[in-house]
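Chains as they are written, first to last, in our numbering: chain A, 1 to 705; chain B, 706 to 828.
If you are wondering where the hints come from, they were derived from the structure by calculation, not from laboratory data. Every residue, glycine too, gets a C-beta built ideally from N, C-alpha and C. Do not take every clue at face value.
Partner residues are not named here, just some residues of chain A that face chain B (Cβ under 8 Å, in silico) [said to hold, decoys possible]:
hint	residue
1	364
2	368
3	394
4	489
5	495
6	701
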Amino acid sequence: MSLFILVAATFLGYLNYQSSVSVEQTTFRKQTDLLHGSFVKSTQWNLSVIEATDDVFSVSSFVSRQEFSFLAQKLRERAPGLRAIEWIPELRGSQLESYQRSAHIDGLSDFSFKRFDTESGALTALTPSKDGVYAPIFYAEPYALNERALGFDLFSNQERKTFLQQVKASNTLMASEPIQLVEDPPTVASVMLAKYVKNGAQPGWIMGIWHYSSLVEDALSASPFKNTEHLRLVDKVDVQSIEVYPVYRGRPAPHAEHQYHATQFALANRRFELVLGFETQHHLGGALVIFVLGYILASLSWYALNQLAARQALEIKLKEEEYLRDQLETFKRYLDAAPLPVGILEGDRESRQYVYVNQEMCRLFGYTFDELIGLNATQKMFVHDSDREAFNRLVWDSIEKNEPFVMEAPLYLKNKEQRHFELAGRYTQEGDRLLGTLFYFDITERIQYDQAQKDLLESERKLVQSRRLEAIGNLMAGMAHSLNNHMQPILVLAGLLRRKVGEDPKAQDYLTKMEEAVTGATSILQRALTASRLEKLSHRAKIKSSFTAAIELAAIGIPSTIIYSHQISLTEDGYVALDKINLEVCLLNLIHNARDAIDEAHGEIRVSLSRLTPDAERVESPDLLSLDWIAIKVEDSGLGMNDEQLARALDPFYTTKDPGKGTGLGLSETHSLVMQAHGYLTVSSVPHEGTSVALCLPVYPDASN
Amino acid sequence: MANLLLIDDDDLVRFSLTELLTDAGHQVVEMSSGLGCEAYLESQLIDCVITDIVMPDKDGIEVLLSVKKTFPHIPVIALSGGGRISGREYLVMADALGADAVVDKPVMPDVLLETVSRVLDKT
């Protein structure tokens, strides 16, 4: 028997050497195969690996399938009453594939995948392909009368979690509850290996459980040793280094008398103590066996732990990569689901290109994905150079202030159509490279809508204005009619009275004043009517001569302290659809308004006659656009008007002049006359700076209508 | 001097114009509405009709039309206060419908007397 052990030990030592070489020379897969094949099969040790974080415990399948097969067989041999054994590995990614490949070979038809619920104690069937999640690897249903069966002791979540928490809290590996196999055979012992793995900020564990049942049991059964008392760590373990925690699990068989022998051995700078019990009569050679067993355990443990650590590290790396890939895919999916165009750009100070664009970006701009990637967005899309420059400035501001930016600009689509966008973006700088994300909000419709709203408001305003004028006109017409009637008796009776009072000069003078008052009132009424009435005009005035005549006429009423100038910059002469008198009335109105607006003695009035490009929106009918147009402009340096005054400037009887100074009819009368001549009036004013009024009139080639 | 028929719904206007015309030597018959003017013209010798245009019951245009139809030889002077919907257009219309003269209110006394003389001279 001693010979057998020596051979086995030599073989294992060789294997250990081979495997160590392999670790460096072969790929991960080969290492796994090695563990699967040579190592595990040759030793027939039950090894499972538990990966654990604080809350989640998962178990790798990489050795446990075969281990399980072995364990299950042993369990069933020893526990005929065992009803179910669950092997529920973590099945994810490559592990799932590996499982599916090997599932049929192993032929574990007796076993199903179930999840054990520690609270209810129920077992739920799992479909590995669907429920590819972690689960306890072993679960053996408790053997009757044995509450500490395998599944509960070692693999139930709660027990394990408590154990791990204790380990982590104390920073030491402590003895756990005894691990007992279902039958609790006195000769079975286990080794639990634990390694605390640090992966960045995330703590993790690798734990291995060895049932050295077969080897140790076989060895022991042929040896003088009848029982293993314990195998335990003598030192406290520092979790930052490789830790091996050997536990002996078993109970002295009540029927046997044993002697216990112990040895200590070192593993990874830790000292272990192995205590074996044996029957007194077979104690010779016991020390050798203990030593050999210690050596085997140490070398196997060391090897396995390193394998586990390497695998774990690789696994973590692969998982990280997988995670990043998943993240990227998810990211792209979200971007593509976004209902607005998104572009990610990269480049330097001079130019930046798309490195990723979402589907909506391709759709809206009419490019394919490949066409957009690499495209210089700033160069290609902006319609205006000024926008491009503004955009570049925003990009730099964004980098310097580390803030997002928003701007509005029209952009070209691929087919050169323009649409209006709001660009929201943020750029960062990494070394020489600029990275940016741009969101494109298509606001074309919004802008069109806003414009339409504005036009609508404007036309409503004009409508209100014209209705108001009409209403005022009607009112005025009625009023004028009545007042004219009332003037009649005054005029007539004054005339009769004139004869009655004879030569009395004072009485004659009174009557003259009365008649003048009536004539004045009548004239105001007449003008008011003109202002509110569209009267067909029969004559056309020649522009230049009428203008000059009116200018001279108006000069009479202007004080010499006011600078009064006029300018004609018109080569062609023509006719406007106003008769000479009315054109003069218009000009006199404007010039007298200008004069009255200058409250101080000094000021300036400039009158000009020039060609005009008419405002198509204000022209009465499009036909008129084919005619030449003139503008007669009167500008003053007077008081000006505020917006409210400006809005009412054309209303009849509205005046900004002091009471008694004006009738408020001048501008509205002028407006009315200009409208009759198919023209329009423009008024602009800045308070305290002055007012500018222009008569805009179409020019006709001849005098007749 | 002549026999005149003055039709105007405004008492003061009628009074003052009657005073003026009478003072100038005419015989004036006043009516405050055009209603019944044909019957009067039938029975009396009238040289000229002076009528306001805008009046209730029967306006000056109707007066003008019926006078011109029945008594084409009697001249008619139309008189109105003007205004877009109630006056000036009517005067233009009166002119077009055969009034011998149209006069804007308020008319200067001399102008009215002159107009009356001119119309009478024509006939």
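(message) Under the constraints set out in the numbered hints, which ones does this structure not fulfil?
(response) When the structure is compared with the hints, numbers 1, 2, 3, 6 turn out to be violated.
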